[in-house]
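Asker: With the hints as extra help, turn the sequences into a complete structure.
There are 2 protein chains.
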Amino acid sequence: MRFVYLDYAATTPVEPEVVEAMRPYFTEKFGNPSSVYTLGQEIRAAVDQSRRVVADFLGAKSKEILFTSCATESINSAIKGVAEAKGREGGRLKLINGQPPHIITSAFEHHAVLHTCQHLQRLGFEVTYLPVNSDGIIKACDVESAIKEQTILVAIMYVNNEIGTIQPISEISKAVKEKNKNVVFFTDAVQGAGYLDCQVDSLGVDMLALAGHKIYAPKGIGVLYVRSRTPWIPQQDGGGQEYRSRAGTENVPYIIGLAKAVELLKKDQEELGKKITQLRDKLVDGVLRNVPNSHLNGSRENRVPNIASFSIEGVEGESVLLMLDRQGIYVSTGSACSSGTLEPSHVLTALGLSPETAHGSLRFSLGRHTSPEDMDYVLEVLPPIIQRLREMSPTKQI
Amino acid sequence: MRFVYLDYAATTPVEPEVVEAMRPYFTEKFGNPSSVYTLGQEIRAAVDQSRRVVADFLGAKSKEILFTSCATESINSAIKGVAEAKGREGGRLKLINGQPPHIITSAFEHHAVLHTCQHLQRLGFEVTYLPVNSDGIIKACDVESAIKEQTILVAIMYVNNEIGTIQPISEISKAVKEKNKNVVFFTDAVQGAGYLDCQVDSLGVDMLALAGHKIYAPKGIGVLYVRSRTPWIPQQDGGGQEYRSRAGTENVPYIIGLAKAVELLKKDQEELGKKITQLRDKLVDGVLRNVPNSHLNGSRENRVPNIASFSIEGVEGESVLLMLDRQGIYVSTGSACSSGTLEPSHVLTALGLSPETAHGSLRFSLGRHTSPEDMDYVLEVLPPIIQRLREMSPTKQI
Numbered sequence: 384m385r386f387v388y389l390d391y392a393a394t395t396p397v398e399p400e401v402v403e404a405m406r407p408y409f410t411e412k413f414g415n416p417s418s419v420y421t422l423g424q425e426i427r428a429a430v431d432q433s434r435r436v437v438a439d440f441l442g443a444k445s446k447e448i449l450f451t452s453c454a455t456e457s458i459n460s461a462i463k464g465v466a467e468a469k470g471r472e473g474g475r476l477k478l479i480n481g482q483p484p485h486i487i488t489s490a491f492e493h494h495a496v497l498h499t500c501q502h503l504q505r506l507g508f509e510v511t512y513l514p515v516n517s518d519g520i521i522k523a524c525d526v527e528s529a530i531k532e533q534t535i536l537v538a539i540m541y542v543n544n545e546i547g548t549i550q551p552i553s554e555i556s557k558a559v560k561e562k563n564k565n566v567v568f569f570t571d572a573v574q575g576a577g578y579l580d581c582q583v584d585s586l587g588v589d590m591l592a593l594a595g596h597k598i599y600a601p602k603g604i605g606v607l608y609v610r611s612r613t614p615w616i617p618q619q620d621g622g623g624q625e626y627r628s629r630a631g632t633e634n635v636p637y638i639i640g641l642a643k644a645v646e647l648l649k650k651d652q653e654e655l656g657k658k659i660t661q662l663r664d665k666l667v668d669g670v671l672r673n674v675p676n677s678h679l680n681g682s683r684e685n686r687v688p689n690i691a692s693f694s695i696e697g698v699e700g701e702s703v704l705l706m707l708d709r710q711g712i713y714v715s716t717g718s719a720c721s722s723g724t725l726e727p728s729h730v731l732t733a734l735g736l737s738p739e740t741a742h743g744s745l746r747f748s749l750g751r752h753t754s755p756e757d758m759d760y761v762l763e764v765l766p767p768i769i770q771r772l773r774e775m776s777p778t779k780q781i
Numbered sequence: 384m385r386f387v388y389l390d391y392a393a394t395t396p397v398e399p400e401v402v403e404a405m406r407p408y409f410t411e412k413f414g415n416p417s418s419v420y421t422l423g424q425e426i427r428a429a430v431d432q433s434r435r436v437v438a439d440f441l442g443a444k445s446k447e448i449l450f451t452s453c454a455t456e457s458i459n460s461a462i463k464g465v466a467e468a469k470g471r472e473g474g475r476l477k478l479i480n481g482q483p484p485h486i487i488t489s490a491f492e493h494h495a496v497l498h499t500c501q502h503l504q505r506l507g508f509e510v511t512y513l514p515v516n517s518d519g520i521i522k523a524c525d526v527e528s529a530i531k532e533q534t535i536l537v538a539i540m541y542v543n544n545e546i547g548t549i550q551p552i553s554e555i556s557k558a559v560k561e562k563n564k565n566v567v568f569f570t571d572a573v574q575g576a577g578y579l580d581c582q583v584d585s586l587g588v589d590m591l592a593l594a595g596h597k598i599y600a601p602k603g604i605g606v607l608y609v610r611s612r613t614p615w616i617p618q619q620d621g622g623g624q625e626y627r628s629r630a631g632t633e634n635v636p637y638i639i640g641l642a643k644a645v646e647l648l649k650k651d652q653e654e655l656g657k658k659i660t661q662l663r664d665k666l667v668d669g670v671l672r673n674v675p676n677s678h679l680n681g682s683r684e685n686r687v688p689n690i691a692s693f694s695i696e697g698v699e700g701e702s703v704l705l706m707l708d709r710q711g712i713y714v715s716t717g718s719a720c721s722s723g724t725l726e727p728s729h730v731l732t733a734l735g736l737s738p739e740t741a742h743g744s745l746r747f748s749l750g751r752h753t754s755p756e757d758m759d760y761v762l763e764v765l766p767p768i769i770q771r772l773r774e775m776s777p778t779k780q781i
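Keeping their order, the protein sequence lines are chains A and B. When we follow this note's numbering, the leftmost residue of the first sequence carries the number 384, and every step to the right adds one. When we follow this note's numbering, the leftmost residue of the second sequence carries the number 384, and every step to the right adds one.
Incorrect hints may have been included.
Same chains, same label: a pair holds when it works inside one copy or across any pair of copies.
Listed below are the simulated BS3-like cross-link pairs for lysine-lysine, each with C-alpha atoms no more than 30 Å apart in a straight line [claimed, not checked]:
{"no.": "1", "residue 1": "444", "residue 2": "412"}
{"no.": "2", "residue 1": "412", "residue 2": "650"}
{"no.": "3", "residue 1": "412", "residue 2": "665"}
{"no.": "4", "residue 1": "650", "residue 2": "665"}
{"no.": "5", "residue 1": "650", "residue 2": "446"}
{"no.": "6", "residue 1": "412", "residue 2": "658"}
{"no.": "7", "residue 1": "649", "residue 2": "412"}
{"no.": "8", "residue 1": "658", "residue 2": "477"}
{"no.": "9", "residue 1": "477", "residue 2": "560"}
{"no.": "10", "residue 1": "444", "residue 2": "650"}
{"no.": "11", "residue 1": "564", "residue 2": "531"}
Hints were generated in silico from the structure; no laboratory data involved. Bear in mind the structure is a predicted one, so any value in this text is a computation, not a measurement.
Answerer: Right under this line is the structure:
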């Protein structure tokens with residue numbers, strides 16, 4: 384049976400070159416980079432070199448790059464660290480004109496952002512969850528209007544992880560800073576890193592999060608960019624690692640692996656984007672043509688090359704997923720982090736889809752090893768599955 | 384030149400069997416364990432199996448085991464999570480009889496514990512840092528006396544990471560619970576895991592932290608044990624991973640690797656302990672005999688098999704370390720996490736050593752690959768180095 388993995392937005396395989404780069408750091412080069420002797424210092428030099436590679440990818444300084452254990456940690460650390468620095472005075476909230484400190488985010492962020500904001504709400508912070516239009520794009524003017532005297536932080540994602548729409552980050556950051564230059568601007572760039580420009584100055588962000596396992600490095604490594612002089616308090620206390628900003632012995636093999644993955648990305652990012660865009664367009668056109676009553680979720684134009692999410696009326700996304708699985712095709716209904724729940728996707732309901740339609744969604748996410756033949760296979764297998772499921776459905780809506 | 388690594392307490396090499404066990408999870412078995420399709424579910428099953436191995440090692444239930452990115456994360460999460468659950472009401476500290484919530488720890492914990500406690504002090508919590516006697520052992524009666532109405536948490540380490548002394552954890556937990564059964568008891572068991580019984584019921588602990596890279600798994604994986612019904616709030620928000628207690632895509636390869644390392648440990652733990660104790664005794668006897676004015680730090684008896692720390696009068700520990708490095712011997716002056724600072728070790732000063740004596744300390748930590756010949760080599764190389772350094776010293780104290 385053919386094996387077609389189309390869930391690169393959930394996680395990517397680790398590139399063989401990345402595995403090879405990491406290998407010596409498990410065994411012979413196993414020293415602790417904080418150790419003073421030769422073995423430790425060699426490892427320190429390798430970690431520093433990896434940090435330069437990542438800093439260069441973001442157009443940042445090495446000292447602004449922190450290695451974390453995943454994007455979720457980076458996101459928690461960014462949001463809670465700014466909340467603490469700007470929103471607390473000892474054991475108390477720092478009220479501004481009698482009102483609690485205020486955070487702005489969007490209704491369709493990743494749960495790492497949403498649940499962190501909800502956690503802060505339980506601790507007394509105020510949070511605005513901006514609505515999204517049906518195109519899946521946050522408008523800069525909406526962000527600007529939401530800013531008030533108490534606003535300390537804006538957190539808007541670069542690319543939505545379920546539908547792939549690109550948010551106008553530079554435009555938003557400009558609007559935010561013009562309204563109040565003291566507001567910290569953070570972006571979750573996890574799904575953008577593989578295909579889009581992530582230079583922090585052109586994006587205009589103060590903080591940014593990346594995940595290794597969406598760009599062919601392993602699960603268990605992330606990056607937090609913190610612009611110099613951003614008011615922020617580290618959230619993991621202990622040893623003096625990562626410029627005293629993220630305690631804990633460095634995950635040396637994965638740091639080396641992440642830098643290798645970034646190097647590979649730099650080599651083929653543009654070419655890969657073009658190739659994947661073509662394949663995705665082939666998929667989108669094919670699905671819309673061959674599956675009646677199917678719709679692409681979110682803007683067709685402002686979209687990362689590799690993600691296409693469809694609403695397919697009259698079917699359950701999970702049933703489609705399981706039937707595709709039996710044909711060797713791996714896709715998802717939404718975010719892997721939310722699977723296992725019966726709730727409809729918060730992203731799709733934020734776009735205005737009904738819970739029923741949201742339940743009929745399927746996300747295809749392409750990647751470096753996706754081929755035109757994979758698309759042909761999907762377009763051959765999917766339409767009869769949808770037809771069969773619709774025939775089985777007792778409601779026969781379609 | 385001979386290569387003699389004697390810094391296993393800083394980090395261990397990853398065992399080849401562990402590397403082999405992890406390898407397929409980078410490439411062919413790369414799926415996200417939260418994914419619903421076959422590839423995801425196979426990985427989920429492997430993660431579950433690893434969790435059972437670790438749970439069994441601790442005599443705990445699978446649901447009480449959380450995989451984290453390192454012991455530092457586990458420690459931060461444990462202490463801050465209990466502080467939030469028991470010490471906060473929304474944006475405010477939960478005062479008890481008008482006084483802030485109170486935490487007890489010792490003066491010679493790892494910095495992950497100390498700096499986390501200091502962070503909480505800045506947020507209004509009260510912290511008692513118990514003194515240590517010159518043997519390097521915390522007395523249960525001292526802990527008991529420090530407990531008051533406001534006490535929410537006691538955090539005492541199992542084995543001190545710099546001097547290797549074993550703390551009477553079961554005795555302390557019994558004393559704590561008898562005084563007030565609602566106090567949560569946490570232990571940092573990082574340096575105990577390789578050699579001592581870590582069954583949570585015999586230790587009597589509610590929470591416990593482990594690090595992979597001290598037991599021949601990689602840097603970047605840790606464990607947090609949380610006994611059922613412990614009042615604790617997760618500190619990393621996002622997806623529903625780890626029973627909704629630690630968001631973030633699981634570091635699958637390292638979870639598999641950690642379980643393999645634990646299996647290897649179970650096989651040879653007792654035998655290894657005996658072997659290492661003999662080697663360590665040979666080292667201790669040799670150093671005390673052949674290096675005049677040298678002293679073993681902490682109790683000779685209540686000591687983990689693999690750590691021996693010496694105070695050597697009239698020399699700088701760092702100079703000895705660098706000269707040993709040139710002979711291929713890797714040791715440390717204290718904790719790797721604190722190296723690079725000029726402060727004398729907080730552990731040694733807590734034992735009552737003067738800053739000068741503390742600066743003359745050397746930690747040897749043995750491990751699975753240490754041989755009798757390694758000890759012979761150290762005992763041949765070390766005494767002339769000390770003699771030479773003392774001759775070079777302008778003060779000629781000795």
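Asker: It remains to establish, for every hint, whether it holds in the given structure.
Answerer: Against the structure, the hints come out as follows:
Taking identical chains as interchangeable, the C-alpha atoms of residue 444 and residue 412 lie at most 30 Å apart only when both belong to the same chain, with a minimum of 26 Å there against 35 Å between chains. Within a single copy, residue 412 and residue 650 get their C-alpha atoms as close as 27 Å, and across copies as close as 26 Å, so both meet the 30 Å cut-off. Taking the shortest Cα distances, residue 412 and residue 665 sit within 30 Å of each other only across copies (28 Å), while inside one copy they are farther apart (46 Å). With identical chains, the CA atoms of residue 650 and residue 665 are at most 30 Å apart within one copy only, with a shortest distance of 25 Å there and 55 Å across copies.
Taking the closest pair of Cα atoms, residue 650 and residue 446 come within 30 Å of each other only inside a single copy of the chain (24 Å); across copies the shortest separation is 43 Å, beyond that limit. Taking identical chains as interchangeable, the C-alpha atoms of residue 412 and residue 658 lie at most 30 Å apart only when they sit on different chains, with a minimum of 25 Å there against 38 Å within one chain. For a Cα distance limit of 30 Å, the shortest separation of residue 649 from residue 412 qualifies both inside one copy, at 26 Å, and across copies, at 26 Å. Taking identical chains as interchangeable, the C-alpha atoms of residue 658 and residue 477 are never at most 30 Å apart, the minima being 50 Å within one chain and 57 Å between chains.
In the homo-oligomer, the alpha carbons of residue 477 and residue 560 lie at most 30 Å apart inside one protomer (22 Å), although the nearest pairing across protomers, at 37 Å, exceeds that limit. With identical chains, the CA atoms of residue 444 and residue 650 are at most 30 Å apart within one copy only, with a shortest distance of 21 Å there and 47 Å across copies. Taking the shortest alpha-carbon separations for residue 564 and residue 531, only the intra-copy value of 12 Å comes in at or below 30 Å, while the best inter-copy value is 47 Å.
The earlier numbered hint that this structure contradicts is number 8, and it is the only one.
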